[in-house]
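Q: If you want the building blocks of each chain, they are given just below.
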Amino acid sequence: MLVLVNAIAGLLFGLGLVIGGMANPAKVLNFLDFAGSWDPSLAFVMAGAVAVTFIGYKLVFRQPQPLFAARFHLSEMKRIDSRLVLGAATFGVGWGLSGFCPGPAVTSLPLLAKGTLIFVPAMLAGMTLTRLTTTLGTSRRSNSAKGV
Amino acid sequence: MATQITPLASTIGGVLIGIAAVVLMLFKGRIAGISGIVGRLLPPYRDNDLIGAAAFILGLMAAPLGYTLATGKPVIQIVSGNVPLMVVAGLLVGIGTTYGGGCTSGHGVCGLSRLSPRSIVATAIFMAAAVVTVFVARHTLGG
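The listed protein sequences correspond, in order, to chains A and B.
Residues in the first sequence are numbered consecutively from 498, following this note's numbering.
Residues in the second sequence are numbered consecutively from 1435, following this note's numbering.
Just so you know, the hints here were simulated from the structure itself, not pulled from any lab data.
None of the values given here were measured: they were computed from a predicted structure.
Keep in mind that a hint or two might mislead.
Said to hold, decoys possible - If you only want the chain B side, here are some residues facing chain A, beta carbon under 7 angstroms, derived:
id	residue
1	ALA1436
2	ALA1443
3	VAL1449
4	GLY1452
5	MET1459
6	ALA1489
7	PHE1490
8	ILE1512
9	PRO1518
10	GLY1524
11	ALA1556
Cβ coordinates follow ideal geometry from the N, Cα and C atoms, glycine included.
All chains, full assembly: derive it from the sequences and hints.
A: Shown next, in the form of C-alpha cells:
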C-alpha cells in the first residue's frame, strides 16, 4: 500500500494549507496587498515550509534513491526561458485576481464555495488545454525530467 | 477587508507543508508540486504513477474535514463568487502553472528549497505579477 504515503503526504500538505491560512483567499489577497490591509501571515507559511524542506531535502538527497521508487524525479532544466517567465507571470495574474493557487483551490473543493466550484474546473481546463497544445511534457521527458 | 495576522498558526502550517514535501521526496522521489500532480491526472497521460497522484489529491481534499474533526472548528474562507472573474482566474492559473512548469508549491516551496535558479526566477515573477494584479484591482480600479 505504497499509495498510502502519497495520501498521508497530501493530507499533511492540505492541513498545512488550512492551518496556515492559505486556504482562505481573503488572507492570500491581503498578503499580496502591500498598499492596503497587508497581512504578512503567509510569509510565515513560506518560511516554515522552505526551512523544513531545505533541511529535509539535504538529508534525503544523501540517499542514493527514494525508499519506494527507483529514482528521484527532479528537473534537470537549467535554462531560464520565455516559457518559464510567461507562465509564471500568467499564473501570478490569476493568483492575484482570485487569491487561489492550485493547492488551496483543490483543498477547498469539499468546502463547496461557489467561487471554488467555478475556479477549479476552469483551472483544470486551462491545464488540459496547455498540456494538449504544447510540447512541454515531451520536451521535459526527453530531458528525463518531470515535475518542476 | 482586514484579516487577522497569524504568525504561529502560519508557521505551524508551513512546517506541515515542509514535512509533506520531505515525506514525498524521501519515499517516492517526487516534488510536492500541486500543479504538476494535478496535471499528471489530466490528458495526455504520460506518468506511470497516476494512482500515487490521485492518492495525494484525495489526501489534500480530506484536509478540511480532518481539520474540523481534530479542532471542532470550521475552515474559514472567503472566496469571491464573481463568475467571470473566477473563470478567467482559473484559466490563467491553469495555463500559467502548466506553461511555467510549477506553482507556489513546486517552484515556491520545493524549488526554492533546492536553490533551483528556474524556481527562484519563477517565484519572483509570479509573486510580482500577483502583487501588481492586486494593486491594480484594489487600488486603481477600486475593486
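Q: Is the interface hint satisfied for B:ALA1443? The criterion is a beta-carbon contact with chain A at less than 7 angstroms.
A: Given a least distance of 6 angstroms, the restraint on B:ALA1443 holds.
Q: Double-check B:PRO1518 for me: the hint is only fine if its C-beta lies closer than 7 angstroms to a C-beta in chain A.
A: Since the shortest Cβ distance to chain A is 9 angstroms, the answer is violated.
Q: Hint B:PHE1490 vs chain A: min CB-CB distance below 7 angstroms?
A: At about 4 angstroms, which falls below the 7 angstroms cut-off, the nearest Cβ of chain A leaves the hint on B:PHE1490 intact, so it holds.
Q: Given B:GLY1524 as an interface hint, is the shortest Cβ-Cβ distance to chain A below 7 angstroms?
A: It holds, given that the least Cβ distance between B:GLY1524 and chain A is near 3 angstroms, below 7 angstroms.
Q: B:ALA1556 was flagged as interface toward chain A. Is the shortest Cβ-Cβ separation under 7 angstroms?
A: holds (4 angstroms)
Q: Identify whether the interface hint at B:GLY1452 stands, where standing means a beta carbon of chain A within less than 7 angstroms of its own.
A: holds (3 angstroms)
Q: Next item in the hint list is B:ILE1512. Is there a CB on chain A closer than 7 angstroms to its CB?
A: holds (4 angstroms)
Q: Restraint: B:ALA1489 near chain A, CB-CB cut 7 angstroms. Satisfied or not?
A: At 4 angstroms from the nearest chain A Cβ, B:ALA1489 passes the 7 angstroms test, so the hint holds.
Q: Is the interface hint satisfied for B:MET1459? The criterion is a beta-carbon contact with chain A at less than 7 angstroms.
A: Holds, because the Cβ-Cβ distance from B:MET1459 to chain A comes to roughly 5 angstroms (cut-off 7 angstroms).
Q: So, B:ALA1436 near chain A? Judge it on the closest CB pair being under 7 angstroms.
A: Constraint on B:ALA1436 satisfied, holds at 4 angstroms.
Q: Should the hint that B:VAL1449 touches chain A count as held when the rule is a Cβ pair under 7 angstroms?
A: Constraint on B:VAL1449 satisfied, holds at 4 angstroms.
The structure does not agree with numbered hint 9 stated previously, though it agrees with all others.
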